[in-house]
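Asker: Following the hints, put chains B, C and D in place on chain A, whose structure we already have.
Now for the letters of each chain:
There are 4 protein chains.
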Amino acid sequence: MVRLKFSIELNYYISASGSDFVFNIHAAHTPQQLVKTENLHISQKLVPDMYLDSATDTRFLRLKAFAGSLQVGYEATVDITHHSVSPTELGEVWISNLPGAVLPYLYPSRYCQSDRLHKFAVREFGNLWQGYSRVLAIRDWVQTHVSFKPSSSNSNTSAVDTLIEEVGVCRDFAHLMIALCRAVNIPARFATGIDYGADLALGPTDFHAYVEVFLGDRWFLFDPSGTAIPMGFVRFATGRDAADAAFATIFGGVHASPPVISIEAIADDHGHLVVPVHTKQALSTDDGRRPATT
Amino acid sequence: MVRLKFSIELNYYISASGSDFVFNIHAAHTPQQLVKTENLHISQKLVPDMYLDSATDTRFLRLKAFAGSLQVGYEATVDITHHSVSPTELGEVWISNLPGAVLPYLYPSRYCQSDRLHKFAVREFGNLWQGYSRVLAIRDWVQTHVSFKPSSSNSNTSAVDTLIEEVGVCRDFAHLMIALCRAVNIPARFATGIDYGADLALGPTDFHAYVEVFLGDRWFLFDPSGTAIPMGFVRFATGRDAADAAFATIFGGVHASPPVISIEAIADDHGHLVVPVHTKQALSTDDGRRPATT
Amino acid sequence: MVRLKFSIELNYYISASGSDFVFNIHAAHTPQQLVKTENLHISQKLVPDMYLDSATDTRFLRLKAFAGSLQVGYEATVDITHHSVSPTELGEVWISNLPGAVLPYLYPSRYCQSDRLHKFAVREFGNLWQGYSRVLAIRDWVQTHVSFKPSSSNSNTSAVDTLIEEVGVCRDFAHLMIALCRAVNIPARFATGIDYGADLALGPTDFHAYVEVFLGDRWFLFDPSGTAIPMGFVRFATGRDAADAAFATIFGGVHASPPVISIEAIADDHGHLVVPVHTKQALSTDDGRRPATT
Amino acid sequence: MVRLKFSIELNYYISASGSDFVFNIHAAHTPQQLVKTENLHISQKLVPDMYLDSATDTRFLRLKAFAGSLQVGYEATVDITHHSVSPTELGEVWISNLPGAVLPYLYPSRYCQSDRLHKFAVREFGNLWQGYSRVLAIRDWVQTHVSFKPSSSNSNTSAVDTLIEEVGVCRDFAHLMIALCRAVNIPARFATGIDYGADLALGPTDFHAYVEVFLGDRWFLFDPSGTAIPMGFVRFATGRDAADAAFATIFGGVHASPPVISIEAIADDHGHLVVPVHTKQALSTDDGRRPATT
Chain A
1 MVRLKFSIEL NYYISASGSD FVFNIHAAHT PQQLVKTENL HISQKLVPDM YLDSATDTRF
61 LRLKAFAGSL QVGYEATVDI THHSVSPTEL GEVWISNLPG AVLPYLYPSR YCQSDRLHKF
121 AVREFGNLWQ GYSRVLAIRD WVQTHVSFKP SSSNSNTSAV DTLIEEVGVC RDFAHLMIAL
181 CRAVNIPARF ATGIDYGADL ALGPTDFHAY VEVFLGDRWF LFDPSGTAIP MGFVRFATGR
241 DAADAAFATI FGGVHASPPV ISIEAIADDH GHLVVPVHTK QALSTDDGRR PATT
Chain B
1 MVRLKFSIEL NYYISASGSD FVFNIHAAHT PQQLVKTENL HISQKLVPDM YLDSATDTRF
61 LRLKAFAGSL QVGYEATVDI THHSVSPTEL GEVWISNLPG AVLPYLYPSR YCQSDRLHKF
121 AVREFGNLWQ GYSRVLAIRD WVQTHVSFKP SSSNSNTSAV DTLIEEVGVC RDFAHLMIAL
181 CRAVNIPARF ATGIDYGADL ALGPTDFHAY VEVFLGDRWF LFDPSGTAIP MGFVRFATGR
241 DAADAAFATI FGGVHASPPV ISIEAIADDH GHLVVPVHTK QALSTDDGRR PATT
Chain C
1 MVRLKFSIEL NYYISASGSD FVFNIHAAHT PQQLVKTENL HISQKLVPDM YLDSATDTRF
61 LRLKAFAGSL QVGYEATVDI THHSVSPTEL GEVWISNLPG AVLPYLYPSR YCQSDRLHKF
121 AVREFGNLWQ GYSRVLAIRD WVQTHVSFKP SSSNSNTSAV DTLIEEVGVC RDFAHLMIAL
181 CRAVNIPARF ATGIDYGADL ALGPTDFHAY VEVFLGDRWF LFDPSGTAIP MGFVRFATGR
241 DAADAAFATI FGGVHASPPV ISIEAIADDH GHLVVPVHTK QALSTDDGRR PATT
Chain D
1 MVRLKFSIEL NYYISASGSD FVFNIHAAHT PQQLVKTENL HISQKLVPDM YLDSATDTRF
61 LRLKAFAGSL QVGYEATVDI THHSVSPTEL GEVWISNLPG AVLPYLYPSR YCQSDRLHKF
121 AVREFGNLWQ GYSRVLAIRD WVQTHVSFKP SSSNSNTSAV DTLIEEVGVC RDFAHLMIAL
181 CRAVNIPARF ATGIDYGADL ALGPTDFHAY VEVFLGDRWF LFDPSGTAIP MGFVRFATGR
241 DAADAAFATI FGGVHASPPV ISIEAIADDH GHLVVPVHTK QALSTDDGRR PATT
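Chains as they are written, first to last, in our numbering: chain A, 1 to 294; chain B, 1 to 294; chain C, 1 to 294; chain D, 1 to 294.
Looking at chain A on its own, in the form it has when it is part of the complex:
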């Protein structure tokens, strides 16, 4: 079990008469990721609205803020128990056997136009063994072909753009990997959170975007950007792509400062400290619960 303690501070200046925010900054609370303590601080006197999406365990925080400055702080301690599997045991699930709720993650989305990449993906990955190693091959392909370059993309950049231009940031790596997985019928989703152990050469600790792929009976973690340690991911939100799972979606005229984030691995109640490390094992923070289907 990994215990991570972190804090996030977001600073905005709202120029309009008021703005709405949808935040995904709460750690998802699941059997595999227990939120031991958490604290939310909002500088304006507001009634925050929380919405739990039971399908993904994402906790949406909605605020209707006034003009002026707004500071949102969140800090938590989470205990993450990873489900760890040998890669060789982990096969893909054929379409007819997928849980119904997983089907939408086969379909193209705003930033992951898997429909357009079908021939490409089949030629490149179609003949590989259909399991964890094929997903690794896709991850490695993305990591090899795309260069990480801060500020090289914008909110309009999609997987097709990244495939063509071969440059991007973590969210672009994630979008391209997701699109390629879906193009060969492997369900894949976008995840955001923060991570312990990020490569600080790329800048201060920031939110991170990564990928979860459905294999066997649950969602497994992948980091196509190669800048982080999957064992150190704290999951906040998941969705089809960044359109669903941005850490903040803002409606109205707002000036945002860069987030201030800190994270550390701490000892558990028995004084035992586990620090996230890279591993060859397949890791999941999904407990395999699925909504019952009819």
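There's no promise every hint is true.
[As the list claims (entries may be wrong)] With a straight-line Cα cutoff of 25 Å, these simulated PhoX-like cross-link-like pairs (lysine-lysine) come out: (1) 64(A) x 45(A); (2) 36(B) x 5(B); (3) 119(A) x 119(C); (4) 149(A) x 119(D); (5) 119(C) x 149(B); (6) 119(C) x 64(D); (7) 149(D) x 119(B); (8) 64(B) x 64(A); (9) 119(B) x 119(D); (10) 149(B) x 119(D); (11) 64(B) x 119(A).
[As the list claims (entries may be wrong)] Far from chain B by the CB rule (all over 12 Å, computed), these chain D residues: (12) 41; (13) 46; (14) 67; (15) 88; (16) 113; (17) 129; (18) 147; (19) 163; (20) 165; (21) 166; (22) 226; (23) 272; (24) 283.
Everything labelled a hint here was simulated from the structure, so no lab data went into it.
Only a predicted model underlies this, so the values are computations on that prediction, with no experimental measurement involved.
All residues carry an ideal CB built from backbone N, CA and C; glycine is no exception.
Answerer: Okay, now just chains B, C and D, sitting in the frame of chain A:
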């Protein structure tokens, strides 16, 4: 109450060693759209898998079919009770008051890049009264600016393309209207089904794509293509856009013939026949149930 | 020397009150491609306007046609003397040494967005020897990765689309090869004409689009689609891409029938018949004349 | 006659082993724009290569520079004699009557996809009188619908993007106006240079991109961005779009500093000072010479 009786026949030839299908051809079964009788016929001996998405009432039919010919027939009789409201009473719901499950329909999707249309939509529709009449203005704008032309678009065509090229089929009209609604923060979703009263000058009865917009406390019906009568819509599936709610998503090499569809309005148990007509009233087939939020 | 005799028949029905046409259906008349005989027939009584673009030797035919049917026929006999070079002797020309008139063929164009493909092309082809063999490697890459499929693209399809979707017709193969050449600073242009020896399995003889690349001191012939024999190309027009060199650009409402084209290799004045064949030699129909620069 | 004196200083740091540059920073030398004095300074000991494109009078400067710093300075004094016409006398030229060399400016290009905007442009501008006033209507439409915002676009941004997103810099305004003109069969081209009288609220004096449209017998000046005074334009290069006429096209790894530009209106040899002002007259700096056609 409108009672509609219809049948659908789909013919495929599967060239590969086998193919997977996800169909959305079952009438959604809801308090407002009662499925009185229905019958599914599949020419191959297969075990069909049904999945009900409780959030949208969409019923997914999955088949893993063998090589050779496949015929899928579905026929049903449905009773549709429309919730009818005076347009002047129907306001938009501000972001902070939307049911949580409706939030995703504010976000951009594969074919509805509302993020890119924000300035356009605000300039064109930003100053209108925020209610049903604004949505009608968006619908009318789409209907006026886009020409209906069979085979003028393909599976890659998105709202941005349709805004630029001003030509398309019903699905393109729907995508553009949805993108424009979301761009001014009005939740909108894509619906597919069949419809009584389609303009037969445009070809034989076919599946139809239309739009549902969230106003007041529920989803209301709109037909941006102007080729159909909303009161005659039988809803099958809803989703973000056509990526979610295509009547058939096919995995594998398949030759498809055009669907054969017939529909008629019939008398109810008391011998009373209601034929769908155009109306100035706002119509919904949503009963306003929302999943409980936390 | 190859002597080719061919005829083209184009049939239109002009529904508007009249339409303008710009045709590129005349064989370019150059020292290497002598037009021995030619005949133009126009069914309407019109004064055709011919414009010779001296930079490319393209002969534009402009017609202002009346409503009703229009038939345009052109037949010619051309003697093509190929400049043939051993591939190993043929190097690329560095930017600073290119003839000034060749510079524009380094720049991106409507259908060849070489600017976007820079990183891709450098990674894939950047380390190869800079000469004919690198261009062959690009041609082969395109031929291997793209599938030929009639009607799989439209007038909006560009090199970026073809790179993503990996399917197209001869014009798409040409656009992608051109874009990749320019992306590694090799001047490349689009050529249209007809060809002796086309693969008839792909349909009746039609116009053909191919590529000319500037190497050494002139433009050399390449056929990325792999469906034709470069020695059998009759050049009509060249340009940046299909926007410049379409065989017909039509302004107004016109219904067009498929062109009817025939071509044969015939004996020269001495009774000697040379039939186009595939060759390992580098072939050019450019005589190396360049406009003087200042 | 307007006499303008200006200087340009460009600073680069070349990190690679050497880089090639193609500059368009020389004032075009034409009967209407006489270059009275000019001086080019290059900090490295290089042999600059000048190429004059006789079709457009653009003077290309090519440099093959070494690693290290490179400073390029250019200063000149030009006398501009404007051809001034009453707008009401200035009609469009029908396709069949256009000079042959003007035809390419009807075709779509990298950043001006006029083919896609045909229906839009015809609906919006198709019924206007076909002359100078229609071009003004297009210019005004662009100026009204697009917001000027520094750094809001990048080198991939095209007219289609600007039409959708309604934001850009002077080059984006120019691309959209050009695309809309071509979409209704009006030849339009991209021009770059510097300008006297730029709106300094938008930043220090910089290169400017504007539009020339072919009306009557020559090219007329338009400024869709609305940030400058056309009478104060010094023309450097013209082309299909920014792909042809960028002030600098750079091949290789180079760091560029912002250009330093100054410009002033000075008195002519008789002590007479004409300062550029806005005018209702149609202005051209084209002398109406056309290459002879065959």
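Asker: What are the numbers of the hints the structure violates, in ascending order?
Answerer: 4, 5, 8, 16, 18, 19, 20, 21
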